[in-house]
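Chemist: Once you've looked at the hints, dock chain Z against the given chain H.
Next come the chains, spelled out residue by residue.
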Amino acid sequence: MLINNGLVYLIALPLAGAAILLLAGRRSDKWGHILATLLSAASFSVGLLQLSQMLARPTGQRAVEQKLFEWISVGTFKVDAGLMLDQLSICFVLLITGVGTLIHIYSISYMSHDHDRRRFFAYLNLFIAAMLLLVLGNSYLNLYVGWEGVGLASYLLIGFWNQKPAYATASKKAFIMNRVGDMGLSFAIMIAFASLGTFSFAGIKEAAPHASTASLTAIGIMLLVAATGKSAQFPLQAWLGDAMAGPTPVSALIHAATMVTAGVYLITRSNFIFDAAPTAQLLVIIVGAITLLFGAVIGTAKDDIKKALAASTMSQIGYMILGAGLGPVGYAFAIMHLLTHGFFKAGMFLGAGSVMHGMDDEVNMRKYGNLRKFMPITFVTFGLGYLAILGVPPFAGFYSKDKIIETAFNAGGIRGLLIGSAALLGAGLTAFYMTRVMILTFTGAPRWDEKAHPHESPILMWLPMAILAIGSVSSGFLLSRGNALVNWLAPLFAEHAEKAEVLKPVVVTSLALLMVVIGVVIAFMKYSRGEVSSVAPEDVSALTKIVRRDLLQDDFNEAVFMRTGQGITNTLVKTDELVIDGLVRGVGSAALGSAGALRKSQTGFVRSYAAWILLGAVVLVAAIWLVTL
Amino acid sequence: MNAANYLYVSALLFTIGAVGVVVRRNAIVVFMCVELMLNAANLAFVTFSRINGNLDGQVVAFFTMVVAACEVVVGLAIIVTIYRSRRSASVDDASLLKR
Numbered sequence: 057m058l059i060n061n062g063l064v065y066l067i068a069l070p071l072a073g074a075a076i077l078l079l080a081g082r083r084s085d086k087w088g089h090i091l092a093t094l095l096s097a098a099s100f101s102v103g104l105l106q107l108s109q110m111l112a113r114p115t116g117q118r119a120v121e122q123k124l125f126e127w128i129s130v131g132t133f134k135v136d137a138g139l140m141l142d143q144l145s146i147c148f149v150l151l152i153t154g155v156g157t158l159i160h161i162y163s164i165s166y167m168s169h170d171h172d173r174r175r176f177f178a179y180l181n182l183f184i185a186a187m188l189l190l191v192l193g194n195s196y197l198n199l200y201v202g203w204e205g206v207g208l209a210s211y212l213l214i215g216f217w218n219q220k221p222a223y224a225t226a227s228k229k230a231f232i233m234n235r236v237g238d239m240g241l242s243f244a245i246m247i248a249f250a251s252l253g254t255f256s257f258a259g260i261k262e263a264a265p266h267a268s269t270a271s272l273t274a275i276g277i278m279l280l281v282a283a284t285g286k287s288a289q290f291p292l293q294a295w296l297g298d299a300m301a302g303p304t305p306v307s308a309l310i311h312a313a314t315m316v317t318a319g320v321y322l323i324t325r326s327n328f329i330f331d332a333a334p335t336a337q338l339l340v341i342i343v344g345a346i347t348l349l350f351g352a353v354i355g356t357a358k359d360d361i362k363k364a365l366a367a368s369t370m371s372q373i374g375y376m377i378l379g380a381g382l383g384p385v386g387y388a389f390a391i392m393h394l395l396t397h398g399f400f401k402a403g404m405f406l407g408a409g410s411v412m413h414g415m416d417d418e419v420n421m422r423k424y425g426n427l428r429k430f431m432p433i434t435f436v437t438f439g440l441g442y443l444a445i446l447g448v449p450p451f452a453g454f455y456s457k458d459k460i461i462e463t464a465f466n467a468g469g470i471r472g473l474l475i476g477s478a479a480l481l482g483a484g485l486t487a488f489y490m491t492r493v494m495i496l497t498f499t500g501a502p503r504w505d506e507k508a509h510p511h512e513s514p515i516l517m518w519l520p521m522a523i524l525a526i527g528s529v530s531s532g533f534l535l536s537r538g539n540a541l542v543n544w545l546a547p548l549f550a551e552h553a554e555k556a557e558v559l560k561p562v563v564v565t566s567l568a569l570l571m572v573v574i575g576v577v578i579a580f581m582k583y584s585r586g587e588v589s590s591v592a593p594e595d596v597s598a599l600t601k602i603v604r605r606d607l608l609q610d611d612f613n614e615a616v617f618m619r620t621g622q623g624i625t626n627t628l629v630k631t632d633e634l635v636i637d638g639l640v641r642g643v644g645s646a647a648l649g650s651a652g653a654l655r656k657s658q659t660g661f662v663r664s665y666a667a668w669i670l671l672g673a674v675v676l677v678a679a680i681w682l683v684t685l
Numbered sequence: 011m012n013a014a015n016y017l018y019v020s021a022l023l024f025t026i027g028a029v030g031v032v033v034r035r036n037a038i039v040v041f042m043c044v045e046l047m048l049n050a051a052n053l054a055f056v057t058f059s060r061i062n063g064n065l066d067g068q069v070v071a072f073f074t075m076v077v078a079a080c081e082v083v084v085g086l087a088i089i090v091t092i093y094r095s096r097r098s099a100s101v102d103d104a105s106l107l108k109r
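Sequences listed follow chains H and Z, in order.
Counting from 1, position 532 in the first sequence corresponds to residue 588 in our numbering; the numbering is continuous, with no gaps.
Counting from 1, position 6 in the second sequence corresponds to residue 16 in our numbering; the numbering is continuous, with no gaps.
Pulled out of the complex, with its shape left as it was, chain Z reads as follows:
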């Protein structure tokens, strides 16, 4: 199969993720959309690795997964803390920094 198709899927996933981050209010959903974007990038990396015939992209994909795992741990902890104090997981409610 043509390798470019994987790239199309990657772009599609990235777009879905980006739109999700911008339009959704629920922090958990926004978080999942971020993960979607990361994995879209991973898919692109792996595809390029395949196209170029070396392992560089594969290695970076593993890196990304490790970073994403760490990010999930920290991010979810923050979301849970915010939810506990504010009884809401909406990202728009946590807009205190503008003042």
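The following block holds chain H by itself, in its conformation from the complex:
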């Protein structure tokens, strides 16, 4: 692999930004946000430079690497901290730094009234650096550092307004649920090292064909656990909705476009493991299919615009995980959907932020209505993102999502039919809940609170939205033109024979569009005709109530894990108090009690002492006498 010593600048620039802003403190309040944005943009430029250099090289030599330093050196065991940039990483690098820079620009205006804006930008830069380390690491160990880094940045940013206890709790919830996933990643690394003897992607790729299926399956399942944690997939999905407590740019960058897609990256990067472990791969498909429906169903009942979008993110990442689970045919489509999703979902989140900005931080869509007149730019950019997520041709989602649905059907047999139908149903649900968001927010009669004075956001906010909207329109077409992305990524994945088509692409497209139309029509019938109540109606079916409670995900976690954990903890605390503390205290109180009893014999009368001594002597003599008798 070629050596390129410029890779470190990708990470070093935003990391330096975070360090400067955090260390300089209040002194950098005036210029901190500009520095952070410039450094993020600089990192993006380095990424573009790397891309141009990569394009200039022939296919076989595109990947470059850089050794940073010798990290661990124990006897003959050595681990280097190293970076690697290949066709997959560059996609992520450009997405992270590109969308990241746009969101930096947006935040300058969005956070301008917050007196802690500098700290916010420091955390954003920290996140960019950690996420870049995640996608650039050349071994699982380096990836792990970035993986933990983005978890930390996510925690800090969700709890950015931690003066509100609910927000602080949300950040802790996200962190703890992520830890469960992180444990999976550390197990995967340990198993990989024990059975294959190395951490590096290249080394494991080489050793994987000779390893036993059992160990590969174990690694694959543990990697899947890691992916479910970070990417909010079933069964570790419950934190994402609460993560919306963070400022909206954070939701756009971390909880829509980049960090939550790290699980997809992990599975795609580990393709050599999943290709050789069919059981793990099947589990990936199942997790993806369940989550894409789970998220979509939750999305249908959310009145909080950010939580509706969060449920949508969960669902869309379900599509990506499903795509990645389909093996070599699906990896490229998963990445394509990831990139297009990065554009349209980040754009829609920024749109939601723009709406909240104008509506006095109101998030309840039932208190919106008719905003299209007052926020035309937000309406158009949000609308383009909406068309993209629905998969209306020729918008971005059409190219990526249809490909995943098509590949799912082509998996063949009953399995293909099941996951294909799930993906189709998901498309219909997506159309329904996104249309609902559009109708409630931008059309109908105004249902605002008195304090709301809707107005269009300043240029620093709508410019990033406009750029992302352009991406939502064009990225799908550009990435799939002449199979550009598929061919670009092909050298990384195992060769695969074209599978027989179960359904013709035209049929799949028509079916998907039909589902979308059905979803849109139902949403229009339900929300566009007649008044929408500004308070969520209470007399709804039990099913709706369950969906409003996020399909009881929190109730389940609380009943099964939290209460059990509390029970175990309480038992241990009681055991500690009664048994261990009891022993210690028992020794003390026994000494005290016996001393209290014996103290009474100390009368102070010399004669009684003498009598006791005499008695003792007599007993002693009697004893000696009896023994010797």
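A portion of the hints provided could be inaccurate.
[As the list claims (entries may be wrong)] Derived SDA-like pairs (lysine to any residue); straight-line CA-CA distance at most 20 Å:
hint: 1; chain 1: H; residue 1: Lys656; chain 2: Z; residue 2: Asp102
hint: 2; chain 1: H; residue 1: Lys560; chain 2: H; residue 2: Ser477
hint: 3; chain 1: H; residue 1: Lys261; chain 2: H; residue 2: Asp142
hint: 4; chain 1: H; residue 1: Lys656; chain 2: Z; residue 2: Ser105
hint: 5; chain 1: H; residue 1: Lys582; chain 2: H; residue 2: Arg422
hint: 6; chain 1: H; residue 1: Lys423; chain 2: H; residue 2: Glu512
hint: 7; chain 1: H; residue 1: Lys229; chain 2: H; residue 2: Asn613
hint: 8; chain 1: H; residue 1: Lys656; chain 2: Z; residue 2: Leu106
hint: 9; chain 1: H; residue 1: Lys423; chain 2: H; residue 2: Asp505
Bear in mind the hints are in silico, worked out from the structure with no lab data behind them.
Modeler: Just chain Z now, kept in the frame of chain H:
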């Protein structure tokens, strides 16, 4: 005469002394009873020396007498001091250590 008789006398003296220490209140009398017990022991030592036909018991008796002399000096000094400060030679009155 049978040597055991001396031992009986010794035991009797010791018992008188021990009972005197326990039952009498006057410090001087208690002191004299202690002396009685010491000398009962001395008598036993000397008797055993005679029975065994060596001088070990005699030597110990001399030791005891020296120790008893020292003890009398210190003990009487303490009793006189207590009497001076408390105007009483009763051992029960000097029971301040229990608190």
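Chemist: Run every hint past the structure and note whether it holds.
Modeler: Here is how each hint holds up against the structure:
no.	hint	in the structure
1	H:Lys656 / Z:Asp102	17 Å, holds
2	H:Lys560 / H:Ser477	15 Å, holds
3	H:Lys261 / H:Asp142	15 Å, holds
4	H:Lys656 / Z:Ser105	14 Å, holds
5	H:Lys582 / H:Arg422	14 Å, holds
6	H:Lys423 / H:Glu512	17 Å, holds
7	H:Lys229 / H:Asn613	11 Å, holds
8	H:Lys656 / Z:Leu106	14 Å, holds
9	H:Lys423 / H:Asp505	7 Å, holds
When each numbered hint is compared with the structure, no violation occurs for any of them.
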